[in-house]
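Novice: On the provided structure of chain A, position chains B and C as indicated by the hints.
Protein chains in written order, with our numbering: chain A, 1 to 297; chain B, 1001 to 1225; chain C, 2001 to 2278.
For the record, the hints were derived by calculation from the structure and aren't laboratory data.
Careful, some of the hints might be misleading.
Under the rule of at most 25 Å between Cα atoms (straight-line distance), these lysine to any residue pairs were calculated in the SDA-like manner [said to hold, decoys possible]:
#, chain 1, residue 1, chain 2, residue 2
1, C, 2259, B, 1108
2, C, 2031, C, 2082
3, C, 2147, A, 180
4, C, 2144, C, 2206
Covered stretches of chain C, as calculated for chain A (at least 3 residues, CB under 8 Å) [what the hints assert, rightly or not]:
#, segment
5, 2176 to 2184
6, 2255 to 2264
Backbone N, C-alpha and C fix where the C-beta goes; we use that ideal spot for every residue, glycine too.
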Amino acid sequence: MAAVEQALTIDLRAGARARRRRLVNRIAEAIAILAAAVAVAMLVWVVWSVAERGASLISWSFLTGDLPIPFSPEVGGIGPLIVGSAIVVGIATAIALPVGVLIALFLEEFASNWLRVPIQLAIDLMTGLPSIIIAIFVFSALVYGHAENGVAGSLGLAIVMIPLITRATQEVLRLVPSDQREGALALGASRWRTVVGVILPASLGGILTGTVLAVARAVGETAPLLFATGIFGRTLQLNPTKAMPNMPVQIFIWSESPDPLDHRRAWATALVLMTLVLVMSLVARIALNWSRRNTTR
Amino acid sequence: MRVSFQEELDQLEASLQEEGALVLRVLRGALNALEQRDVELADEVIAFDDDVDRLYLQIELGIQTLLARQTPVATDLRLVLAMLHINLHLERMADYAVTIAKLTKLVADVEPDPPLQQSLQEMGERAEEMIRVALDSFADRDLDRAETLVELDELIDRTNRRFVERVVELVAEPELREWVLRMVLVSRTLERIGDHAVDIGEQVAYLLTAEFREFTDASHPEEHV
Amino acid sequence: MAPMRPVDVAAQTEPSTPQSRETVFDIQGLKASYGSNVAVKGVDLEIYRNLVTAVIGPSGCGKSTFIRCLNRMNDEVPGFRQEGKILYHGIDLYGDGVDQIEVRRRIGMVFQRPNPFPKTIYDNVAWAPRILGLKKDLDERVEKALKGAALWDEVKDRLKKSALALSGGQQQRLCIARAIAIEPEVLLLDEPASALDPIATASIEELMHDLKTDYTLVIVTHNMQQAARVADRTAFFSLDVDESGQGAGVLVEYDETGKLFTAPSDKRTEDYVTGRFG
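So that you can see chain A by itself, here it is in the shape it has in the complex (with noise of 0.2 Å):
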């Protein structure tokens, strides 16, 4: 009975000290905000006045319709940009996947020490690599001397995607526990075994999750395609050999045009890819969620 009353007497009411430590996290909380506020902001702004140039124009004929003869007072459309821009990143996954995924396997489940750190730093600096550069470097080693073609444009996009892919691959392999490695190795199962069999697995949706992102980087990389692709060209071209139209290097021309009607298709366009990449990225970051249940527990 004597506890419960001297309990009673005691002070638990803020003293000044306290006081002034609650004031400090305000402000910095505070702060805080401001700067995620700031963000969103830019984000908001971006996204707004892009829709707003860009959104009159967009309609069924300006998704799907052939690419307007300059000058022309036809609106025309830019079907042949997507399907152009979905072969050369479709290309370019296809060769950035397999082999930044190798990489990170190779990285995280096999390489020793010494082989580790020179692979692991080459891999970040492709990583911070000025697009112009690679875009110079395909010019020189693979249009040179012969024609813009489609698959230069998606070697280009495929040196952008293979480090972040890689990178993207080695989280989630850390992510997957390694009592799941021991689990499997235990079993008698070899080292090629249990990546294949149970850590790939494993790391599906995340590597899925950065292969997108990857995606999304790459569809909108204008550089390694400037030199690769072609200028002219009004109708879909299928054939990745041959000069390809495309997004981002259209939307570069035609920003460059002095024909006002070229800047109004240029934000249209700008719209759709930036929908796009929007796009893609939520489905990766959905996918992500997934495989995050999927694997840890």
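Specialist: The following block gives chains B and C in isolation, referenced to the frame of chain A:
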């Protein structure tokens, strides 16, 4: 469910019942030897006690291991503690049977007094009955049955008192003196066996009720010779 | 006279100790280190067939390192080095030409945290038989393993469901089923119940009791009572600090479990099992 632990408990309890059966046999042997003045049988009884001791030791070790390894609690703990006591009581009973056998051998050549011989056999049968009741009440977890042991003990005590009264009359006869004095010890021994049976009943009550109590009031004056 | 004939009671109630013990592991002067850190040293002991052998001891005494030497799981750890001999049926596990994959196929292991693969219950058990080419009668093999791990009745209607949906205790039994699906001779269990609740722990302990008729079990546990309950023999490891201040795990005492827990012969064992350690 800790099946293996339960099995160990069951096995210990079975060993204990087995020990009880051995005690009954050794006691019966001792009573027969006494009645027939059979020295050979008395020797066999004395030798047979080793078997009881061996089983006693095994149960003791089994309980020790069980306590160390399984840390029993609640009913299991009470069962193990009860078995620890019952084991000791049974071993003591066997020892008393050996005492009877040894006393038998000492006076095998003396012609006994029939009425006294008669009441010793009667006491022996009561003691056997009490051991059976004690073991059964333990096996069946039967509290009422265990409590009847107090009344049975009362009967043995009474026979013991009557025995002592008769002894007082006979002790004057020189040719019977040694035999009578030895038989007083036998009577006392049988009475003690009855007490141990009551103690087993108390352990059964403890197992069932979780209460420590004596069936007979400890402050009650005991009537021994 | 008939009832007086002595019966051989001793033969009926003698605790079941195998008459002739077959040695599965003969460990001679084992020393295991990671880089310059010595985890255990000077370990000599024999592990017998169809018994549960427990390894107990305080944290850092090298008991996990020790058990992982028995199926060469430590090979995966960079900087690991092993000296001395571990003879498995007379063959040195670390000898020339010994393939760690073959070793692990015969000496299975179950880990501290249940680690089922993110696959179906069936595929978890069938995975190892498949990669080892034991594809004949796979269904029966899976069923037998699940029954062996006392899990069959609980999962037989949802074999194609994800193993991750099982409870912790079920997952651990699934891991045991997965291990015994390739019919190893030895099962190593590295603190198999430390992540489980008491009921799941009891079921694992009960299972170990059943498993020893077919397998030789070695269990590492930080739970002394668990060792006391399940093991036939117990090895007590402790941390031995030398003059230079470097600590290494050593084997202090190895005996019948009952003996170790009632009358240990080493003071350090006594202090540990009575809780007076350190």
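Novice: Can the segment 2176 to 2184 of chain C be counted as covered by chain A under the rule of three residues or more with Cβ-Cβ separation shorter than 8 Å?
Specialist: holds (count 3)
Novice: Please verify whether residue 2259/C and residue 1108/B have alpha carbons no more than 25 Å apart.
Specialist: violated, 47 Å
Novice: Within 25 Å, alpha carbon to alpha carbon, are residue 2147/C and residue 180/A?
Specialist: Given that 25 Å is the threshold and the Cα spacing comes to 23 Å, the pair holds.
Novice: If you count the residues of the segment 2255 to 2264 of chain C with a beta-carbon closer than 8 Å to a beta-carbon of chain A, do you get 3 or more?
Specialist: Check failed, 0 qualifying residues.
Novice: Keeping to a limit of 25 Å between CA atoms, is the pair of residue 2031/C and residue 2082/C held or broken?
Specialist: holds, 6 Å
Novice: Run the distance test for residue 2144/C versus residue 2206/C: straight-line Cα separation, threshold 25 Å.
Specialist: holds, 18 Å
Checked against the numbered hints given earlier, this structure breaks hints 1 and 6; the rest are met.
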